[in-house]
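**Q** Can you make the complete structure from the sequences, with help from the hints?
In order, the protein sequences belong to chains A and B. Numbering that gives the first Met the number 0 applies: residue 0 is where the first sequence begins, and numbers increase by one. Numbering that gives the first Met the number 0 applies: residue 0 is where the second sequence begins, and numbers increase by one.
Worth flagging that the hints you see were computed from the coordinates, not collected in a lab. It is possible that some hints are incorrect.
Covered stretches of chain B, as calculated for chain A (at least 3 residues, CB under 8 Å) [to be verified]: (1) 31-42; (2) 67-79; (3) 84-93; (4) 148-159; (5) 170-176; (6) 204-215.
Quick caveat: nothing in here was measured; it's all calculated off a predicted structure. Ideal Cβ placement from N, Cα and C applies to all residues, glycine included.
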Amino acid sequence: MTAKGRNWGTNMQSIELVAPRYGIAWYPWAVQYFFLIGLSYASLWLVIPGAILGREKWKPAARLALLGAVSTAIVAPVSLLADLHQPLRFWHFYAYPTPSSWMSLGSIFLPLYVGAVIFLAWLIWRDPLKARAGAGGLQGLIARGIPLGQWKTPRWLVVVVGVVAVVLSFSVMVYTGAEVAILKARPLWHTEYLPAIFLLTGVIGAAGLAVVINRFSGMRHPLAGDQMLTIILVATVLAGLVAAGWLAQGLAINDGSVAAALESVRDNAGWRRAAYWGVAAGILLFLGAGLMEVMGSLRGTRWILGLLALAVAWMFRWTVLMDVQTIAKHTAGFNDYTLSLGSQGLLGIVGTFGLWLAVVVVVNLFVPWRAAYGGRDGADTLSATKGEPSYG
Amino acid sequence: MELARRFFLQQVARVTAGAALVPLSTVANAGINDQPPRRGGDPKKRYAMLIDLRRCIGCQACTVSCHIENQAPLGKFRTIVSQYEVESLESGNAVQFMLPRLCNHCDNPPCVPVCPVQATYQQEDGIVLVDSDRCVGCAYCVQACPYDARFINDRTQTADKCTFCAHRLEAGLLPACVESCVGGARIIGDLNDPGSQISKMVEEYRGELMVLQPEKNTVPHVFYLGMDERFIDRPSAAPELWEIRDGEGQELGYEYAEH
Ligand code: SF4
Ligand code: SF4
Numbered sequence: 000m001t002a003k004g005r006n007w008g009t010n011m012q013s014i015e016l017v018a019p020r021y022g023i024a025w026y027p028w029a030v031q032y033f034f035l036i037g038l039s040y041a042s043l044w045l046v047i048p049g050a051i052l053g054r055e056k057w058k059p060a061a062r063l064a065l066l067g068a069v070s071t072a073i074v075a076p077v078s079l080l081a082d083l084h085q086p087l088r089f090w091h092f093y094a095y096p097t098p099s100s101w102m103s104l105g106s107i108f109l110p111l112y113v114g115a116v117i118f119l120a121w122l123i124w125r126d127p128l129k130a131r132a133g134a135g136g137l138q139g140l141i142a143r144g145i146p147l148g149q150w151k152t153p154r155w156l157v158v159v160v161g162v163v164a165v166v167l168s169f170s171v172m173v174y175t176g177a178e179v180a181i182l183k184a185r186p187l188w189h190t191e192y193l194p195a196i197f198l199l200t201g202v203i204g205a206a207g208l209a210v211v212i213n214r215f216s217g218m219r220h221p222l223a224g225d226q227m228l229t230i231i232l233v234a235t236v237l238a239g240l241v242a243a244g245w246l247a248q249g250l251a252i253n254d255g256s257v258a259a260a261l262e263s264v265r266d267n268a269g270w271r272r273a274a275y276w277g278v279a280a281g282i283l284l285f286l287g288a289g290l291m292e293v294m295g296s297l298r299g300t301r302w303i304l305g306l307l308a309l310a311v312a313w314m315f316r317w318t319v320l321m322d323v324q325t326i327a328k329h330t331a332g333f334n335d336y337t338l339s340l341g342s343q344g345l346l347g348i349v350g351t352f353g354l355w356l357a358v359v360v361v362v363n364l365f366v367p368w369r370a371a372y373g374g375r376d377g378a379d380t381l382s383a384t385k386g387e388p389s390y391g
Numbered sequence: 000m001e002l003a004r005r006f007f008l009q010q011v012a013r014v015t016a017g018a019a020l021v022p023l024s025t026v027a028n029a030g031i032n033d034q035p036p037r038r039g040g041d042p043k044k045r046y047a048m049l050i051d052l053r054r055c056i057g058c059q060a061c062t063v064s065c066h067i068e069n070q071a072p073l074g075k076f077r078t079i080v081s082q083y084e085v086e087s088l089e090s091g092n093a094v095q096f097m098l099p100r101l102c103n104h105c106d107n108p109p110c111v112p113v114c115p116v117q118a119t120y121q122q123e124d125g126i127v128l129v130d131s132d133r134c135v136g137c138a139y140c141v142q143a144c145p146y147d148a149r150f151i152n153d154r155t156q157t158a159d160k161c162t163f164c165a166h167r168l169e170a171g172l173l174p175a176c177v178e179s180c181v182g183g184a185r186i187i188g189d190l191n192d193p194g195s196q197i198s199k200m201v202e203e204y205r206g207e208l209m210v211l212q213p214e215k216n217t218v219p220h221v222f223y224l225g226m227d228e229r230f231i232d233r234p235s236a237a238p239e240l241w242e243i244r245d246g247e248g249q250e251l252g253y254e255y256a257e258h
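**A** Written out as structure tokens, the structure reads:
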């Protein structure tokens, strides 16, 4: 690009004098939804070995991941609803079901998934709840009421509901990826590599979330922390391989999404920053997790890596969903997007995280989730200052 | 980078190629993302528009008359004329290129199957419409249109776009843009009627007509005569209009209030 115009073949250059300007049509709410639902389905997968397959070693991790899966599953649909410009018309989804639309399919999968996860958590948490029936006040009231009777949760029921929830989590994973990847109008979205990276960054984020909950709930289970560390490491390597595959294949067969990405990185400083940031964060995550694997003494800082993992999952979705919308579709250049302060912007982001935190605090207050599948109810260790400092 | 750049240029150059990319077509065959049945409208007709660029002077009369007719919010356009200056580096001569843009009322419109509530639908006569009472404002269709023909109307909070002035066609009138076009560049009509002016012109100029982004396989039904093929994809031009920034480096944007 010269100072005045884009060089256009050998002897022409062109400048755009008049063109419409379009704002973005999906707001940061969409990022919040894709982030939370990705965390949710991937967290549920981390629940599988401990809760569904009954692997003893994975039970602490399953306790952490179940809290992550439920809390994000509850908040995700709220941000999805908020991204509609007519949220009160959400019932139209059910009045006019449309099999041709991934979003319409999603409107069926999502509530089923959320329902299954909540049901699973109820089944798992009602045993520790019953054990707390003697407590006073609201805690005791809830511990007596919520389990709906004294029966012991049969193991087969946990397995059945767990399998159903996992199947539904796959439907959510597939629809959220396909919904975006089928849009040929946006070359950067129109690639089957995108759902794969959504999935892997979802796993990275979910393991990060478990690490963070492990630290800040005071549970500080060293084995669970190590397991999550390994998952972050493996998922980061896989994500790197998928990204490399995308780039290599795109260069080889001239794929539209790679071409669009290279063009954006070439023409726009913001995109260059995003690309550098993404690569740097990926490498940092890889090195951090790798170092902690080999040097046990570093593991007390695992939670920092957990936060970085969450940041990577979030930033990826922000770049994909927000930044891609700033690339004009049939005009030159990039649309400016400045994050507004109101509910369509910053307030929405902060609000969703606040709501998530509130859900976690409420669950933590009323549900002895640490005691699930024979764990120790360590509600008294909630303060993060207690516990063994060498475990993150 | 040079290699990548060459690949990109190839990509841009491949303007007429057919289906090529669409690796997810297997999914479409399974029914998801297939076109739902058309509804309403006259099944005997197929409306289309031909824009004779040789006659367009870039006066934006169409833009203004559409705004008055259809009351789009300020800053949002159902139709607008993009304008470019193309300069020869050898002679220094500059020419203006005008590109009137509107919804293409595609025959394979990607905006339709994505709509989760079928608020966006195609009539039997080819016109693509939005039922604003049904639309939930999810903006999925806005993302799906490769031509930026759609937007969310801030007033109705629903999807909005050119309707070919279906309400005027029904009353036997021409669309506002066609009626107001100073040079008579916009021709609308029924492709199924061999006697219509558009049918005759399509016949006469068959080899010369172009549509926007043909490789996306949307089968647009707004045809351009006198088109430069370098503009049928996202134009490779410098966005001069947006280079003007305020002190903080922010775009100046539109400075007006809602009417
Ligand atoms: S131009 Fe866009 S809005 Fe119009 S029919 Fe085609 S895809 Fe749909
Ligand atoms: S914005 Fe309205 S018309 Fe567009 S896809 Fe969503 S519901 Fe359909």
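**Q** For this structure, which hints from the list above don't hold up?
**A** 5
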